[in-house]
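Visitor: Single-letter residue listing:
2 protein chains.
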Amino acid sequence: MSLSRLFNPRSIAVIGASRNPDKIGHVILRNLVEYGYKGKIYPVNPSANEILGLKAYKSVLEIDDEVDVAIIAIPADKVLEAAEECGRKGVKFLVVITSGFSEAGNEEGEKKLVEVARKYGMRVLGPNIFGYAYTPSRINATFGTKDIAVGGISFLTQSGALGIALMGWTLMEELGMAALVSLGNMSDLDATEISDYLADDENTKVITIYLEGLKPGTGKAFIEKMRRVVARKPVIVIKAGKSTRGSMAAASHTGSLAGSSRIYEAAFKQAGVLEASTVEEMFDWARAFSLLEIPRGDKTVILTNGGGVGVLATDAAEKYNIPLIDPSNELKNKLRKVMPWYGSVRNPIDLTGGALVDNYVKALEILEESDEVDNIILLYCRTAVLDPIELAKTLAEFKKKLSKPIVAGFVGGADVREAIRILNKNGIPTYPSPERAVSSLAAMLEYRRIRSRLGGVA
Amino acid sequence: MSLSRLFNPRSIAVIGASRNPDKIGHVILRNLVEYGYKGKIYPVNPSANEILGLKAYKSVLEIDDEVDVAIIAIPADKVLEAAEECGRKGVKFLVVITSGFSEAGNEEGEKKLVEVARKYGMRVLGPNIFGYAYTPSRINATFGTKDIAVGGISFLTQSGALGIALMGWTLMEELGMAALVSLGNMSDLDATEISDYLADDENTKVITIYLEGLKPGTGKAFIEKMRRVVARKPVIVIKAGKSTRGSMAAASHTGSLAGSSRIYEAAFKQAGVLEASTVEEMFDWARAFSLLEIPRGDKTVILTNGGGVGVLATDAAEKYNIPLIDPSNELKNKLRKVMPWYGSVRNPIDLTGGALVDNYVKALEILEESDEVDNIILLYCRTAVLDPIELAKTLAEFKKKLSKPIVAGFVGGADVREAIRILNKNGIPTYPSPERAVSSLAAMLEYRRIRSRLGGVA
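Chains Z and S are the protein sequences, given in the same order.
If you read the first sequence in this note's numbering, its first letter stands for residue 1, the second for the next number, and so on.
If you read the second sequence in this note's numbering, its first letter stands for residue 1, the second for the next number, and so on.
Calculated directly from the structure, the hints in this document are not laboratory data.
Honestly, I wouldn't trust all of these hints.
Copies of the same chain are indistinguishable here, so a pair counts whether it falls within one copy or spans any two.
[Claimed, not checked] Calculated lysine-lysine pairs in the BS3-like style (CA-CA distance at most 27 Å, straight line):
hint, residue 1, residue 2
1, K401, K425
2, K23, K399
3, K92, K393
4, K146, K393
5, K269, K319
6, K40, K393
7, K332, K58
8, K337, K23
9, K92, K399
10, K400, K362
11, K404, K55
12, K319, K215
13, K215, K58
All of these numbers come straight from a predicted model, not from anything done at the bench.
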């Protein structure tokens with residue numbers, strides 16, 4: 001069964017919807033309502049007639065409509081009965097928030113849950129999750145933040161607490177999300193199958209995964225299926241539990257076998273999955289993938305107004321194997337005309353601290369036209385002569401005329417932070433340091449190589 | 001001559017002070033006045049009687065007072081004459097903002113400048129710099145930001161543009177600074193000598209250096225002198241120009257010979273200087289050094305309310321060689337009493353997503369008392385039940401009773417960012433990710449090992 005109705009349901013029942021605002025069942029219902037889900041919402045609660053202005057039902061069986069998704073947020077010992085009722089009702093997806101299953105030693109209960117689902121042809125997300133969200137359908141069926149920034153990043157997480165915390169963080173960082181899925185115990189739906197669905201989702205430009213471990217025996221299938229995913233969409237994973245002690249902690253945390261870090265590294269490499277070393281790095285890369293098309297080539301220039309950041313970016317480019325071009329004399333001559341005499345037309349191209357908006361724009365026009373250049377790393381250090389917000393606004397406008405990928409690194413204080421916001425809003429992935437911009441372009445170039453190797457559209 | 005009068009001058013002349021607010025000579029004077037320098041300020045300008053409410057002098061020779069420091073911000077061809085006058089006046093330090101010396105091929109002019117200074121026993125900072133600052137004396141003699149956050153980090157930079165941009169960034173990040181020195185061409189005073197002075201400065205807790213390259217032939221002296229600095233204070237360097245192309249760019253940028261990255265790495269290692277891989281990492285580490293005393297031992301625990309961040313921190317601890325202890329049964333039993341039954345008393349100690357402020361405080365009390373623990377990595381994921389600001393305020397208060405170093409990683413949105421601010425203000429170095437907290441503690445433990453090897457007070 002396609003997961004289409006999970007992400008585009010016509011109706012959602014919330015079993016365990018509560019009037020008590022401290023209860024998870026209340027928070028999920030409220031988030032669903034307030035984030036603006038347009039389908040039908042059916043609260044299910046045996047002792048309420050109305051919750052948050054919506055008619056409540058004693059049982060899912062009483063709902064006089066088709067129910068595509070049932071969110072289940074009731075005590076563990078009541079979940080099987082509710083699942084049975086959902087099955088009889090013809091529900092397609094069970095999203096089981098409730099914990100107290102295999103992660104707490106209750107393998108039996110989890111097995112039975114899946115059996116009930118199978119019997120009725122239902123699929124199960126969870127149990128032991130904080131919910132899921134899909135911004136194109138305005139679904140926020142989580143007990144995380146009310147709001148979610150909209151964009152092309154889909155995020156699957158095996159850690160609930162980190163997932164919820166990252167909902168707040170992505171909102172603050174204005175990282176635009178498509179799907180957000182808490183994987184929990186992966187009793188049925190797992191990271192691989194959800195990724196496979198999202199690879200064909202037109203709203204998802206990149207898939208990010210916080211992974212503690214695969215289920216025993218699923219490694220080979222992971223590699224095979226993920227290769228097919230990666231041929232369509234970039235996948236970035238952060239693998240937690242790589243250290244000996246970390247893997248023990250992960251085992252006690254999600255009950256998954258974390259396994260040797262080498263095995264995972266090899267599996268990711270075979271699958272073409274990009275492995276980030278920190279959560280921050282994963283989302284840095286994801287930001288670039290979500291805003292830019294995959295580069296058409298790897299010939300890159302650095303354009304800067306500061307020598308120091310130019311050097312730092314150059315070091316990073318070499319570290320990450322980004323080929324920095326040597327501009328031809330023709331290109332150099334053109335560039336020389338749009339910068340102060342003491343600037344540098346080598347790569348990094350240094351417009352100097354005297355650079356104004358016009359210097360950047362004219363240099364970009366030349367680089368856009370030149371066949372020698374595929375990608376541009378644009379750097380800016382706060383100077384007295386060039387207001388970062390003015391530069392950001394001009395670049396946001398100029399971007400429309402530009403076909404080549406730009407990543408940017410802007411260094412400075414509060415107004416530079418605002419400029420970074422403007423650029424990210426306008427499709428130029430921008431970071432507060434040169435290295436993070438370079439690292440993000442490097443991830444895109446790496447994906448370009450992987451995809452062409454895997455036979456995807458390169 | 002000690003550099004004491006450079007950082008604690010009784011009077012400062014600004015040669016080239018201008019009434020035109022666009023001129024560097026105006027901005028420096030204004031920053032000096034507005035940041036609240038308490039000594040005497042003497043603007044020097046042949047065609048003004050008064051600037052910013054201060055009496056202006058036609059020449060430094062006309063000033064009827066001792067002048068400890070002269071800031072020189074006039075065209076390059078007038079600098080030698082001004083230096084002569086300063087010498088005759090008895091000025092002790094020339095801070096030469098003006099560019100157009102060795103970095104632009106004018107080695108001759110720079111040599112003459114140093115000769116004039118030597119003749120009169122003056123020392124030279126620069127030329128080709130954006131100035132310097134020292135917050136304990138309320139000196140901001142730069143053309144960077146007006147304000148500078150006060151604290152224990154001293155920062156020396158060979159890149160002007162990056163240095164100015166980082167002034168804004170450190171202010172926004174509330175990184176407290178002591179000295180801030182633009183090194184420029186290092187015609188006389190260099191990174192080594194200034195570090196040597198700051199190693200005895202009671203306001204400096206850590207020295208950070210953005211370095212592109214040492215002067216040819218000064219490598220051996222760097223190692224020897226820096227070892228003596230490192231025995232007194234931690235030194236963190238970010239070395240730019242480590243790549244082949246980056247070193248070429250650095251050479252054209254500051255005129256320094258960047259040299260092989262291996263040689264620099266070996267030199268830093270011999271000198272006991274900590275090498276950061278990014279500017280952000282350098283200041284992450286510096287934040288920890290500026291707020292904490294050097295750890296007394298390396299036995300470390302992770303305390304968390306989120307399994308996922310606990311695992312990520314554990315991985316990072318192993319990567320950075322931080323010894324995570326196995327708590328004794330006695331310690332485990334004590335911890336068990338202050339957490340939910342489904343928590344974990346192994347290391348990472350997992351208070352679970354149900355943790356409240358009280359769980360953290362009680363666990364910290366136990367860890368503070370235990371001989372098994374030297375350092376604490378405290379992690380928090382935003383949960384619905386525990387307000388990060390409430391936690392931060394309680395921890396800030398509790399800190400006073402705590403003798404053991406804590407570094408913290410807080411993950412979440414806008415309120416978590418505010419909690420991070422509160423903690424940093426109150427002496428607990430706190431970062432927006434678990435890995436950055438771990439990396440910062442690791443740098444402190446590494447310094448502890450280095451200092452004991454170098455025979456410093458360990």
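Visitor: Look at each hint and say if it fits the structure.
Guide: Hint check:
no.: 1; hint: K401 / K425; result: within (17 Å within a copy, 45 Å between copies)
no.: 2; hint: K23 / K399; result: neither (46 Å within a copy, 33 Å between copies)
no.: 3; hint: K92 / K393; result: neither (47 Å within a copy, 46 Å between copies)
no.: 4; hint: K146 / K393; result: between (30 Å within a copy, 25 Å between copies)
no.: 5; hint: K269 / K319; result: both (19 Å within a copy, 21 Å between copies)
no.: 6; hint: K40 / K393; result: neither (41 Å within a copy, 43 Å between copies)
no.: 7; hint: K332 / K58; result: neither (75 Å within a copy, 45 Å between copies)
no.: 8; hint: K337 / K23; result: between (65 Å within a copy, 26 Å between copies)
no.: 9; hint: K92 / K399; result: neither (44 Å within a copy, 52 Å between copies)
no.: 10; hint: K400 / K362; result: within (15 Å within a copy, 56 Å between copies)
no.: 11; hint: K404 / K55; result: neither (52 Å within a copy, 55 Å between copies)
no.: 12; hint: K319 / K215; result: between (34 Å within a copy, 25 Å between copies)
no.: 13; hint: K215 / K58; result: neither (37 Å within a copy, 81 Å between copies)
Taken one by one, the earlier hints fail for this structure at numbers 2, 3, 6, 7, 9, 11, 13, listed in ascending order.
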